[in-house]
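Undergrad: If you're matching them up, the sequences are chains A, B and C in order.
Residue 1 is where the first sequence starts when you use the numbering used here, and the numbers rise one by one after that.
Residue 1 is where the second sequence starts when you use the numbering used here, and the numbers rise one by one after that.
Residue 1 is where the third sequence starts when you use the numbering used here, and the numbers rise one by one after that.
No wet-lab data here; the hints were simulated from the structure.
Quick reminder that beta carbons are idealized off the backbone N, C-alpha and C, glycines included.
Careful, some of the hints might be misleading.
What the hints assert, rightly or not - As a list, the in silico PhoX-like pairs of lysine-lysine whose alpha-carbon atoms are at most 20 Å apart:
#1 K64(C) / K53(A)
#2 K185(A) / K4(B)
#3 K167(C) / K67(B)
#4 K163(B) / K324(B)
#5 K554(B) / K534(B)
To be verified - Sample of chain B residues facing chain A (criterion: CB under 10 Å; computed from the structure):
#6 T11
#7 A12
#8 T22
#9 N106
#10 N144
#11 L156
#12 K159
#13 G493
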Amino acid sequence: MKKFSKEDREVKLFVGPQHPGVTGNMSFEITLEGDILTSVKTHVGYLHRAFEKLMERRLFIQNFPLVCRICVPESDTNEENYARALEELAGIEIPERAKWIRTLVLELSRLQMFMRWIGGIAGTMGLGTAPQWSVGDRDYILDLFEELTGGRIYHIYILPGGVRRDLPEGFEERVLKVMDYLEKKLPDYDALIFENAVFKKRLKGIAKIDPSWVEEIGVTGPVARACGFPFDVRKEQPYEVYDKLDFEIITETGCDLYAMAMVRRREIELSIKLIRQIIDRMPKGDVWTHLPNVLYWKIPAGETYVKTEATRGEFGYYVVTDGSDKPRRVHVRGVSTPHAYTLLERLVPGMNISDFSVAIVGLQTCPPEIER
Amino acid sequence: MDIKGILKPLTAWKRAFQPPHTIEVPNKRTREAAERYRGFHVNDIDKCIGCGTCAAICENEAIKMVKVKDPQKGDSGYRPRIDYGRCCWCALCVDVCPTGSLEMTNEYTWVRESADDFVFIPGVDKIGHEEKKDKGYKKHEKLNFLNLERVPMRELDGKERVKSFAEVVLGYMEEEARKEAERCIGCGLCISGCPARMHIPDYIRAIAEGDDVKSLNIIYENNPMPEMCGKVCTRRCEFECSLGHLGEPVAIRWLKRYVVEQFDDLKKFVKAEPQPLNGKKVGIVGAGPAGLTAAYYLRLKGYETEIFEAAPKAGGMTFLGIPKYRFPIPSLDKQVELIESVGVKIHYNSPVTPDKFEKMLKEYDAVFIATGLPKGMSMRIEGEDHPQVIYAIDFLRKVNLGEKVEIGKDVVVVGGGNVAIDAVRVAKRLGANSFIAYRRRVVDMPADEEEIEATEHEGIPIYTQIIPLRVEDGPDGKVKLIYGKAKMVQKEGERRPRPVLIEGEEYEYVVDRIIVAIGQQPELSYLPEEIKNKIEMNRRLIKVNERQMTSIEKVFAGGDLTNWTADAISAIADGMRAVKGIEMFLNGELSWEKK
Amino acid sequence: MEDLIKRLESIFKIVEKKRGKRDNLWILEVEKDSLHAVLSYLKDNESFRHLALISCVDWIENNKFQLSYILWSYQKRQNLIVKIFIDRDKPEFKTVLNLFPQAEIYEREIRELYGVTFEGNPTQFEDFVLEDWEEMPPMRRDFDTLKYSQEKYGDRDSEVLKTNIRKIISDYTDEWRRK
Numbered sequence: 001m002k003k004f005s006k007e008d009r010e011v012k013l014f015v016g017p018q019h020p021g022v023t024g025n026m027s028f029e030i031t032l033e034g035d036i037l038t039s040v041k042t043h044v045g046y047l048h049r050a051f052e053k054l055m056e057r058r059l060f061i062q063n064f065p066l067v068c069r070i071c072v073p074e075s076d077t078n079e080e081n082y083a084r085a086l087e088e089l090a091g092i093e094i095p096e097r098a099k100w101i102r103t104l105v106l107e108l109s110r111l112q113m114f115m116r117w118i119g120g121i122a123g124t125m126g127l128g129t130a131p132q133w134s135v136g137d138r139d140y141i142l143d144l145f146e147e148l149t150g151g152r153i154y155h156i157y158i159l160p161g162g163v164r165r166d167l168p169e170g171f172e173e174r175v176l177k178v179m180d181y182l183e184k185k186l187p188d189y190d191a192l193i194f195e196n197a198v199f200k201k202r203l204k205g206i207a208k209i210d211p212s213w214v215e216e217i218g219v220t221g222p223v224a225r226a227c228g229f230p231f232d233v234r235k236e237q238p239y240e241v242y243d244k245l246d247f248e249i250i251t252e253t254g255c256d257l258y259a260m261a262m263v264r265r266r267e268i269e270l271s272i273k274l275i276r277q278i279i280d281r282m283p284k285g286d287v288w289t290h291l292p293n294v295l296y297w298k299i300p301a302g303e304t305y306v307k308t309e310a311t312r313g314e315f316g317y318y319v320v321t322d323g324s325d326k327p328r329r330v331h332v333r334g335v336s337t338p339h340a341y342t343l344l345e346r347l348v349p350g351m352n353i354s355d356f357s358v359a360i361v362g363l364q365t366c367p368p369e370i371e372r
Numbered sequence: 001m002d003i004k005g006i007l008k009p010l011t012a013w014k015r016a017f018q019p020p021h022t023i024e025v026p027n028k029r030t031r032e033a034a035e036r037y038r039g040f041h042v043n044d045i046d047k048c049i050g051c052g053t054c055a056a057i058c059e060n061e062a063i064k065m066v067k068v069k070d071p072q073k074g075d076s077g078y079r080p081r082i083d084y085g086r087c088c089w090c091a092l093c094v095d096v097c098p099t100g101s102l103e104m105t106n107e108y109t110w111v112r113e114s115a116d117d118f119v120f121i122p123g124v125d126k127i128g129h130e131e132k133k134d135k136g137y138k139k140h141e142k143l144n145f146l147n148l149e150r151v152p153m154r155e156l157d158g159k160e161r162v163k164s165f166a167e168v169v170l171g172y173m174e175e176e177a178r179k180e181a182e183r184c185i186g187c188g189l190c191i192s193g194c195p196a197r198m199h200i201p202d203y204i205r206a207i208a209e210g211d212d213v214k215s216l217n218i219i220y221e222n223n224p225m226p227e228m229c230g231k232v233c234t235r236r237c238e239f240e241c242s243l244g245h246l247g248e249p250v251a252i253r254w255l256k257r258y259v260v261e262q263f264d265d266l267k268k269f270v271k272a273e274p275q276p277l278n279g280k281k282v283g284i285v286g287a288g289p290a291g292l293t294a295a296y297y298l299r300l301k302g303y304e305t306e307i308f309e310a311a312p313k314a315g316g317m318t319f320l321g322i323p324k325y326r327f328p329i330p331s332l333d334k335q336v337e338l339i340e341s342v343g344v345k346i347h348y349n350s351p352v353t354p355d356k357f358e359k360m361l362k363e364y365d366a367v368f369i370a371t372g373l374p375k376g377m378s379m380r381i382e383g384e385d386h387p388q389v390i391y392a393i394d395f396l397r398k399v400n401l402g403e404k405v406e407i408g409k410d411v412v413v414v415g416g417g418n419v420a421i422d423a424v425r426v427a428k429r430l431g432a433n434s435f436i437a438y439r440r441r442v443v444d445m446p447a448d449e450e451e452i453e454a455t456e457h458e459g460i461p462i463y464t465q466i467i468p469l470r471v472e473d474g475p476d477g478k479v480k481l482i483y484g485k486a487k488m489v490q491k492e493g494e495r496r497p498r499p500v501l502i503e504g505e506e507y508e509y510v511v512d513r514i515i516v517a518i519g520q521q522p523e524l525s526y527l528p529e530e531i532k533n534k535i536e537m538n539r540r541l542i543k544v545n546e547r548q549m550t551s552i553e554k555v556f557a558g559g560d561l562t563n564w565t566a567d568a569i570s571a572i573a574d575g576m577r578a579v580k581g582i583e584m585f586l587n588g589e590l591s592w593e594k595k
Numbered sequence: 001m002e003d004l005i006k007r008l009e010s011i012f013k014i015v016e017k018k019r020g021k022r023d024n025l026w027i028l029e030v031e032k033d034s035l036h037a038v039l040s041y042l043k044d045n046e047s048f049r050h051l052a053l054i055s056c057v058d059w060i061e062n063n064k065f066q067l068s069y070i071l072w073s074y075q076k077r078q079n080l081i082v083k084i085f086i087d088r089d090k091p092e093f094k095t096v097l098n099l100f101p102q103a104e105i106y107e108r109e110i111r112e113l114y115g116v117t118f119e120g121n122p123t124q125f126e127d128f129v130l131e132d133w134e135e136m137p138p139m140r141r142d143f144d145t146l147k148y149s150q151e152k153y154g155d156r157d158s159e160v161l162k163t164n165i166r167k168i169i170s171d172y173t174d175e176w177r178r179k
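Chain A on its own, in the form it takes in the complex (with noise of 0.2 Å):
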């Protein structure tokens, strides 16, 4: 029998930029032997939209219909940090119950992203039914975006001084009815996925993380928390009024992908406690308090970076202002540049083809925020 080389036997292969697990576009060129992968190397550069650049040549206000593009499903975290950026380097203080609103959408936009989420992972399976659900009980929450904010997508509700709009009248109600529904059907995505005997062979001792590796390459949100570690934004360093709101931080021990499933299910159960608690402990006031001249706001001088907890975790602002009326510099920290690059890299060598798409779903991949 001929022997074969190495280099005879490997194949390389293009997956992307088209995956319906993967919000927007990317590629991975991977190389195969057999059935099992040896490297990957990862491609972005597909909706590469300039965010930053166009940032500069802007105002300071006209920068929110650009930020809440930059990831498309959580546009909320987005203009959140962007805002609570350019408060810090102003000086502005907005009113207790901007605050609490702010907190409230931002819980809601989590939710609705690991709805989706859900709808990612089960595709990328073949579990059908799955994402049917989940994306239309999604959409329910983005009835209530729509509601709230007058977009269902982009939102460009939270601005520097406070939020757009007040709550309308009876919305609180309108959030516990979906709360309540979302509740009651947790059990029936617990019996159709998470229990679900395909879903737990297909990714427990998948991607198997060494726990060593978290600090040493920046990963952050649930693939952190399912290798035990405590980080998130909203205990170590509370924005808004995650401060005053009870929660505890979950964590896995698995560091494999059902680890990470399991936090996210797990989330979206807290998520909905949160939201509760928002809505019982929400404070009566304004929820805007006046901007200098928006149209010729100059901001001092200055530089922060600002994150918040995103459904991938640590979501950054870096904001460098040079007291002119539009920003010097905004970087964004794409959350999941480390896990999409180097984690995935190190996760890749000796996994199985099959595997390899239901690995960058559970990893929470988002070329958006890559290449903003």
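Chain A is already provided as a structure; the job is to place chains B and C on it using the hints.
TA: Coordinates of chains B and C only, in the frame set by chain A:
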């Protein structure tokens, strides 16, 4: 074997019998969007003033201002046209709109074959969304990107004021001025209100940016008496301010005042470099705002200018007519000093006589007359020549010249204009119990609203709908003003109701002085008889064309003498126009034959 | 945190130290030659093991690039921005890959968008988001996006693109002035 895990997902079948999330289309209507939904724009075209703020804030350049009609006062004539290929429905334009005319409906469907149909002017191009105006993203009273509240101006307390002629308005401090200037959105609509067309947004922006010298020089481009305007201007710019539609207009007048007050010695900071003399001479009669303006700018252009003034000081009515608690002498001196420093010659205490005027016509290449309205108008009632009846303008002149004026204890001022209010406030400061009698209602008073308010602070009553009938001698050396009451009758086709005397009723005021302030007229006795007969008049004023040319060759006129608005800024505007006219005339571009 | 800064100051030269506008943020400027030593010290001795981001700022007027290393300590719960300035004419620096493996991507991005090269980073010349890019690195301040798009894609005859609201305001205010 995970039996449970295999069987459990089968429970999902129960969902098969539940209704779907989705709405069936087209059998059912499309779902109506939420009440706050950001859909297509609607624009209330009559409310819109075309200030362009929506276009300024649009990050996508989706909004273009398109000219739909000729500009009017306070309306640029432009309207926003929206390109929905660029619009991202962020509604920043709605939240920034100073009038609240631009809104969004919650309508999100608009289906057309041509892409061009997605570029339209809401309100002008009707697309059928206008009817659904009540729902959608609207301006919210609590959220406004514009700062609608004016930085309050500090004033002397009413009780304190009436004791002296100290200035009532105290002026902005630096921080206040910056904050107030910062509110300006730079739309430029104020320019439509200003007779002199000053570069208002530019100098306000300079204040906001902390560059007072730059601001001062922008102001001096077309106003040589900014401190006067900063204190007593009728501020017609502020009535056109786009922020005034939903809030308080920018305090343009106070900001101008702030800038000029920062500089004690204007000569050091105003970059006024007169051109070398070109040999042509212009003679000016009257050193009021119009005369000074013409003299200053003509001198800067290289013409030799000389002013003849009857009073011991320049300033015209701003010196003689305006009380010192509004416009103190040092402020005036400062400005006149600058005007004289560029080489304008002012001859004080030199009234012009007919002979002298004849001489001037020969000596000078052009003559500009701006002698204003120095004479009070008569009430034309019986007994008006009573010695205790005086004209407000004479009264104010005497007070301003420092003469001692005896007015007694009780004083009635007849009239409702700014002069009447000045007179009544001055009388109060002289210790009299003065009050106003006006023939119409308070809302009809031509006086500035702020001035009317000031009388209230100072405890001065205003009696309205009073028609003076005759003047009689009163007891104990007093004088009686007999008057009747009026009712307001609105006639068709007339702008405002007119007062009609209620016959048969007579009342009287017994006072020490009656001050008449019902208007002023020009004094043209210095004109030679021949010219006086020849000069074309427009009722009691001199008629001029748009270059301030009168019907007499070489003679230009301006100020209160020619315009009916009779305020300082219009006089300055006249002066500016005369500069242009005289320059063109002396360059041969303009002549009386072609007029 | 002040103690930490003092300890740092005793070992390294801190060009400028600044407290951020909130409590748990400090901004330190160090000399570029000592950056690796500072980062290594912070990582090994002071628990700043999480490198959140490497960013670059173009200070074209000073002819400098600023490189910012944003660190986070889970133990101290402190953010630290360590920044250095490098010459804009000679945009070269050394990689921090040996300290933080994820720096590879951040440095690759900065290399592509600002043209700063990092000695020792093996993959920095691979494409990040741009392909076949021959112009000046696009995030530099002197890169004119509008000019590039007009040259590359042609002027699209877009009326709106050329309008400027300030121009229209001067149009109508001039109209009043003429009257």
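Undergrad: Would the hint on N106(B) stand, with a C-beta cut-off of 10 Å toward chain A?
TA: holds (8 Å)
Undergrad: Mind checking the CB of K159(B) against every CB in chain A and telling me if the closest is under 10 Å?
TA: violated (34 Å)
Undergrad: Take the shortest C-beta to C-beta distance between T11(B) and chain A; is it under 10 Å?
TA: For T11(B), the interface hint holds, since the closest Cβ of chain A sits about 5 Å away, which is under 10 Å.
Undergrad: Tell me if A12(B) is really an interface residue toward chain A, meaning its C-beta lies closer than 10 Å to one of theirs.
TA: Cβ of A12(B) sits 5 Å from chain A, so the hint holds.
Undergrad: So if I understand the rule, the pair passes when the alpha-carbon distance is 20 Å or less; does K64(C) with K53(A) pass?
TA: Given that 20 Å is the threshold and the Cα spacing comes to 18 Å, the pair holds.
Undergrad: Holds or violated: T22(B) as interface residue toward chain A, Cβ cutoff 10 Å?
TA: It holds, given that the least Cβ distance between T22(B) and chain A is near 8 Å, below 10 Å.
Undergrad: Report holds or violated for the interface hint on L156(B), using the least CB-CB distance to chain A and a cut-off of 10 Å.
TA: violated (29 Å)
Undergrad: Against the 20 Å threshold, does the CA-CA distance of K185(A) and K4(B) hold or violate the hint?
TA: The given pair, whose Cα atoms are some 19 Å apart, holds under the 20 Å limit.
Undergrad: Regarding the pair K167(C) and K67(B), is the alpha-carbon distance no greater than 20 Å?
TA: holds (13 Å)
Undergrad: For the pair supplied as a hint, K554(B) and K534(B), confirm whether the alpha-carbon distance does not exceed 20 Å.
TA: holds (14 Å)
Undergrad: Can we keep the N144(B) interface hint, with Cβ of chain A closer than 10 Å?
TA: holds (8 Å)
Undergrad: Regarding the pair K163(B) and K324(B), is the alpha-carbon distance no greater than 20 Å?
TA: holds (13 Å)
Hint violations for this structure: numbers 11, 12 and 13, all remaining hints satisfied.
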